[in-house]
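Chemist: Given chain A, put chain B with the ligands in place with the hints provided.
Below are the chains, spelled out letter by letter.
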Amino acid sequence: MVDVLSDTNTGITPAEVVDVELYHPKSWWTTYIFSQDAKVIAIQYALTAMAIGMVALVLSWLMRLQLGFPGTFSFIDPSQYLQFITMHGMIMVIYLLTALFLGGFGNYLIPLMVGARDMVFPYVNMLSYWIYLLAVVVLVATFFVPGGPTGAGWTLYPPQAILSGTPGGNEWGIILMLASLILFIIGFTMGGLNYVVTVLQARTRGMTLMRMPLTVWGIFTATVMALLAFPALFVAAVMMLLDRALGTSFFMPTLQEMGQLMKYGGGSPLLFQHLFWFFGHPEVYIVALPAFGIVSDLISTHARKNIFGYRMMVWAIVAIGALSFVVWAHHMYVSGMHPQFGFFFATTTLIIAIPTAIKVYNWVLTLWRGDIHLTVPMLFALAFIVTFVNGGLTGLFLGNVVVDVPLSDTMFVVAHFHMVMGVAPIMVVFGAIYHWYPKITGRMLNDGLGKFHFWVTFLGAYAVFFPMHYVGLQGMPRRYHDIGETSFIPASAHDLNAFISVAALIVGAAQLVFVFNLAWSLFKGKEAGGNPWGATTLEWQTPQTPPAHGNWGKELPIVYRWAYDYSVPGAPRDFVPQNEPPGGFAVQGARA
Amino acid sequence: MAETALTNTVVPHPRPPGWQGIVADWSSDQRAFKNVPWGKAMMWIFLLSDTFIFGCFLLAYMTARMSTTVPWPNPSEVFALEIAGHHIPLILIAIMTFVLISSSGTMAMAVNFGYRRDRVKTAILMLVTAVLGAAFVGMQAFEWTKLIMEGVRPWENPWGAAQFGSSFFMITGFHGTHVTFGVIFLIIIARKVWRGDFDHGRRGFFTSRRGNYEVVEIMGLYWHFVDLVWVFIFAFFYLW
Ligand code: HEM
Ligand SMILES: [Cu+2]
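Each protein sequence line maps, in turn, to chains A and B. Letter by letter, the first sequence follows residues 62 to 653 in the working numbering. Letter by letter, the second sequence follows residues 3 to 242 in the working numbering.
Covered stretches of chain B (chain A as the covering partner; in silico rule of three or more C-beta atoms under 8 Å from a C-beta of chain A):
#, region
1, 26-34
2, 46-56
3, 64-70
Listed next, with one range per pair, are the computed distances between beta-carbon atoms:
#, chain 1, residue 1, chain 2, residue 2, range
4, B, PHE207, A, VAL466, 54 to 60 Å
5, B, SER69, A, VAL466, 23 to 29 Å
6, A, LEU534, B, VAL72, 44 to 50 Å
7, B, SER69, A, ASP543, 33 to 39 Å
8, A, LEU307, B, GLY206, 36 to 42 Å
9, B, ILE97, A, MET373, 55 to 61 Å
10, A, ALA559, B, PHE234, 56 to 62 Å
Which chain A residues face chain B? A few, computed with CB under 10 Å, are given here:
#, residue
11, THR309
12, SER310
13, HIS335
14, PHE339
If you're looking for bench data, these hints aren't it; they were derived computationally from the structure. Ideal Cβ placement from N, Cα and C applies to all residues, glycine included.
For reference, chain A alone in the conformation it holds in the complex (with noise of 0.2 Å):
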């Protein structure tokens, strides 16, 4: 299987120490402000991403409120409801996911787990935060401009995005958000470019791409499909806000509006939805495959037990992040596109459940007899499992013609991806922060919290969107302000609205815990030293903890193994790091 031991680097002498040069910080400023090292930017994109996210997650109150008790708010108007959707759904899947993902996670563990001192550009690194705090800061902008925020949902479609009947459409909202999105692609160029080539050239000795921890594999390609699709966002975005601003029909037909005839014709709605949905579905796997590989490290660390089928796993993140490119029209069963195409689109998504099934199963057999230790990041590694498995089986149904087209834009859509794409990874964020903030720190987080913060989060997103999947097969419609007296609507279903919007409060609160814990805990928090999971991977290997500038100190890590060696037999410890070199009991239990 995997050349854990084998002897192709027995002979290799300490790796000559690469002249990158580091650029090193002089003040103040270019040491915490305008840094260039990976780990700083890192901390500065997560603290980011989840300080808009705070936003997201009060506007899904305010929805909340609305949706349980219609009627009782009166401070939320339909406009407002809708400026609140659409906020929510953007912030979360692009602010806080992706930046947190890609440009959190990455930043920090890509040079550290590959052995680099930093990433390849740093300058470049650098600016990629900060185009992306542009485009934060224009998005928030948009509440405060008149009209306030764009109404039309995360999916923007044409042509109501930019009608007066939308709000923000035939003001600044619309104008904002798309000039934001172009922001934020041009920054996220600037760091994943970073990411791919750190990953593909700046490896250090032994790290062969198929000794990369899962984390790298599925940040690494993510990062890729975010490279490939996130061209087809923009170029949509730029065609819309020449369609806004400059009066273009490039998705803009024949309308009228107010009984007025509009200076719009020719265009075709159809061709934005074709190329945001080849951006949309591909960005559902760039905030998924990173999660996949991250919890696949949580797995293995915390059961300490090789992951199982590794290189299974490997591909199976290949496979999928190319398949997702050919599912997009899923999205459209209802849009009247041909209907072959529904039927082309149909058989491709099922076949990408394939190779997720079988990550599902190999994580179900890494812990198969395993040392399960039931620590808060394997805790929120199982939920993660629960949730992505319940929201995948739900993808079965939705991928389905005949069974979309009855459940499309109803709550039981939202329930499907809230708890593939919402729940789930935000289960493995918060697992990978419980597991590396030691590092990031070098303080644990305090574990009872971390335990409360756990149960209440995951139970209570149960009860936010188990429920839903019935409120929504009853035919209780998506993004509606008030269903008001619906007679194929049961009142068992207003009570179950009330009951979600509670629990949604109640999950909500718990992350104040959560972000309570973090800041105490940088204090208060017991000593984490080194290495305090027993870990395998490089990033717990290095000299010090959090780790300096430069991240190793003059000599870069060689790495002579994969990175799930637990529980060896005949190993002094039960992990071995991969950068402890085939001596000892490793020549024995190879010769034995």
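Modeler: Same frame as chain A, now just chain B with the ligands:
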């Protein structure tokens, strides 16, 4: 960048046959692409991403053109010029294309001299490339002006489908922006070459890294890409 000269990356075993060999090559130690400097790898990947952008633009334009119910203006007529009493279709575009392709030639020569560390010739050829690029942008500005005077706007034109003007300004504008950025960077890098930065290992102002002549080649990659894209725009927009 000293890292770029790393040539001693070990290939421990003879290569396994077939697919396994390909995988083994790609996933081998330290570098997927042996002896390819970081900057060059980065430029290639950027260009791949940029290809998707131009691809989407062109596909969107083709969709608009194929689905419009109003006749599409005839490009040969629209882009014709009266020169000395002769009505010559597409003449300006032909010249522009010629200029841009020629600039690829001078760029290739600059790269060649860059590898010979011929400071002066490299710098001069890069400047020639920049001048040709600027000439291209200038002619494009002329073409835009002419069309605007004739009443072409992003939202309408006198001859047919409104999407004609929309796509024209959008695609040539986006490409022209690429050329303009290219010209700016050509001048910056030519200055560095001229000054001998790459011979003395002078550190960059922003990055504080030492550059080397590979930068010239990386610049060349970008430039050839921009030319290649133009060929597609030429074929799909003007010749169709
Ligand atoms: C406390 C957690 C959350 C709650 C209570 C929540 C609640 C909601 C609600 C009520 C809607 C609007 C339903 C409608 O009327 O159409 C919504 C939409 C949405 N949410 Fe969440 N959400 C949460 C977390 C997330 C996360 C983590 C993501 C990240 C992927 C996410 C992504 C979205 C998206 C993409 C939409 C669709 C917006 C649209 O229709 O344009 N949500 N959410
Ligand atoms: Cu999809």
